[in-house]
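Sequences are here, hints too, so could you generate the full structure?
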Amino acid sequence: MQKVKTRLSIGDRTLKLLVLVTAILVLTLMIFIAWQMIVASKPSFAKFGWSFVTGKTWDSVNGNFGALPFIYGTLVTSLLALILAVPTGLGLAIFLNEMAPSSIKTTVSFLAELLAAIPSVVYGLWGIFVLAPWLQNTAEPWLSRMFGFLPLFQGPPLGVGMLAGGLILAVMILPIITAISRDVMGAVPNTQREAALALGTTRWEMIKTAVIPYAKSGIIGGIMLGLGRALGETMAITMVIGNRAQISASLFAPANSLASVIASEFTEATSLHLSALVEVGLILFSISLIVNILARLLVWSVARNVTGGHAA
Amino acid sequence: MIDSADRAITMDLPSNYVVRRYKNWLISGLLILATLIAITPLFMVLGYVVANGIGSISMSFFTELPKPMGEVGGGVANAIVGTLTLIFISSIIGIPIGILSAIYLSEYDRHSLLANAVRFTTDVLMGIPSIIVGIVVYASLVLAIGHFSAIAGGVALAIIMVPTVIRATEEMLNLVPYSLREAAYALGFPKWRMVLQIVLPAAAKGVITGVMLGVARVAGETAPLLFTAFGNNYWSKSINEPIAALPMQIYLYATSPSKESHSQAWAAALILIILVITLNLIARLALRDKNT
Amino acid sequence: MLAKLVKRNKILIGALALLAVITIIAVSGCSGTGTKTESKTENATTAGKSVSLNGAGSTFDQPLFTKMFDEYSKDNPNVQVNYQGVGSGAGIKQLSDETVDFGATDAPMKSEQKAAAKGGEVLHIPITLGAVAISYNIPNVPKEIKIAPDVLVDIYLGKIKSWNDPRIAADNPGVKFPDLAINTAHRSDGSGTTAIVTDYFSNVSSEWAKSIGKGTTVNWPGGVGGKGNPGVAAAIQQTPGTIGYVELAYAAQNNITYAQLKNKEGKWVSPSLEGASEAAAKSDIPDDMQVSVVNAPGEKTYPISAFSWVILYKDQKDKDKGEALVKLVKWMVHDGQNYSEGLDYAKLPQNMVDRIDKMLDTIKY
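Line order of the protein sequences matches chains H, X and G. Start counting the first sequence at 89; every next residue gets the next number (the working numbering). Start counting the second sequence at 9; every next residue gets the next number (the working numbering). Start counting the third sequence at -2; every next residue gets the next number (the working numbering).
Check the hints yourself; a few may be wrong.
[To be verified] Straight line, CA to CA, 16 Å or less: simulated EDC-like cross-link-like pairs of lysine to aspartate or glutamate:
1. 327(G) <-> 68(G)
2. 104(H) <-> 117(X)
3. 207(G) <-> 147(H)
4. 143(G) <-> 162(G)
Treat the hints as calculated values from the structure; they're not laboratory data.
Written as structure tokens, this is what we have:
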């Protein structure tokens, strides 16, 4: 045994070195991108300091920039997308993995994969031409009739706005959440399920007690992938969010997200305006970082509660 | 698990069982509802694209260069080849980096400081708007070379692809049972063979899902290509020249004044979707586990 | 189990190899086709090296430029011009960085942009004019209602809130306006169209000039933003009571309802190509050609009109490219003008063409 190991250790060392180098490369890449952004956003930071994060005005003509409306727009639309997509996406994944007969399973999972393959510019076009008019003429008037007492559903129905943005994002991240959750649940050994069923559980109890706890950290990983996509999604959301730098309680109101303001204004921006847009990118970077730290804490706390299984 | 087993045995079986059965049905119903809700937008998006795009698709759409905007006819042949080229370049850069990094995270230093730093990095990279990646590649690579090129476009797309591939691959590698690794060791496999020949193939199906999510994401990217691949109205003679891409062509047609261009945008979108789905299917068929 | 995995691993490698082969064939097929086109090109050419020029900038110019360059390459098969509409600001930046041979912009370069240009002095060559139509959606109101400059600005400032405001009715005797709230729509993306409109607003209203100003993106006092002309048009069509602005070409080709505006001479004019050309013909054009023609004099002048320029370096570094570029731009201001009106772009007035020729003759290569 000892002999075998020494004979093949070149292969071992090569692979270890290779993966280590790539991992460091990925790390370097981010540091490089972050550094480039920091350099480019310096003029804006020098002028506005931390008030850039709390400022509500975005005025490129007079060179006065504050990013709060975009932070708000990004958080609201991403949150809305998660609220809509997580239960649906998980439900779909559970249905496909645990309930569906194999013919339905093949067809529906193929369709769900198609959904992931549609490019975001196509979602954007569909959002403008189909989703926004439907929201304006049907969904938003209904919501404001039924729930108009909530500030969330007040104001004129314009179609485009935060609600449209959140819906589009939900449709886009759903296949990601489903695909990852399904793969993770598929990896749960059948012995787990059989053991649970043998104890007399119903199918749902089996899923709840034997499958989900085992797959939990992977599912959260999938949700985080989806959230990452939602935060950074640009093209589709730019086309439906209404693009106004304002903070309003109503989901019907037009808003702007961090990514969409960059995509909208970047090609025409110069000097300070350009620098401010890069700083907006940097804020997005930081939000991703914070969300990610929270997610990791969540995964750790979940992993600690799981006994047995694969968690090491 | 043990709790529920206890309960199942000790509780009054008949009445409790009815309640549990109803609960099971109710939740099954909810799951089916979730499935229907999830599938609806797919049919709506696809249906809309097909209905609007099919009319403009003909043989010449696949074989000819674009005509000046607003004119009927012409094709997007150069953009189709351009998108394939860009996907290829970004894949040969992005997929190995993504999978190797994931192997590092899952098989080598799972809990080291570096590993956690790389994990943070990938999650943060995923949230960067793609246009920023385009700008960084423009500022570093394009300005250094002095002109736009397919290579620069491919590099930008690879950077966007890598985090998705890493995160999905790592999730899948983590799920490979330890018993499999132990079995490989017991048979005298060195670690590198264990990783490449046992763990990676065991996770292949999920890894392909991750890779395809990455490819699908970059195949539809417009913004990072604007300042890197740049676009081309003609054929590119080499990958060191500006190159056309379908998403840029779609965006161009969609925002132009004329109605002819709008239907060409839908047709190009239909082709892009078919392209991504075909790549997806090829990868899946190639890796199909014949025993399942 | 293990043996199966090892076997599957072989399938994986095989699949990857297959994918690689397919793509290499695709890529070489692409370059092969490219070479074929090139050789055809060389056969057809009697003289001159084959030159490929890259240009970037204004999205407004793209439909016109792709048409012009397509026609140009029919007569000059050795010249291939690749133009991409990445936005005026990006076009200026890329010319400054010398990653393209020429740029195109809807607003002249600012002095700090000129200072940043790596290739030295930049010339601005007017190629065409754009006009912006004011479009609206009010149920049961006829086409081409009349809107005075101060009324238009006050609508966008949010001072006039309803369509039955007496100031709107005053210019439109006999039209019954509904009691409907006014919603304003504007471009959300940085755009030359916005620059023209806000330039006009600033020209006719000192209050607008002071509080909002002009630029490719401004801090709008209200309303919704739409991406591109289609986004604004959609906002107008979807919500009754909305007013917005779109490029004339877009309005004309999509049968969009537009308003008549009052020009500097007090005449009511509909947006038209002739009205835009007239704005250039009746304006005093300086030698560097960098001038705004909004609210220009002339009875037929349409007030929201502006030039779009090709920008290029006075000192061309590459002789072949420089020569081809100057020849191309000359063709654009002469024969190329024949393609303008068919695509809803305004022609340059004849009195400018000679002056542009002289300017182009100063380019060194």
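A quick look at each hint next to the structure:
With a CA separation close to 14 Å, the supplied pair residue 327(G) and residue 68(G) stays within the 16 Å bound. Note on residue 104(H) and residue 117(X): the hinted pairing holds, with a Cα-Cα distance of about 10 Å set against a maximum of 16 Å. Taking the CA atoms of residue 207(G) and residue 147(H), the gap is near 13 Å; set against the 16 Å cutoff, the hint holds. Note on residue 143(G) and residue 162(G): the hinted pairing holds, with a Cα-Cα distance of about 13 Å set against a maximum of 16 Å.
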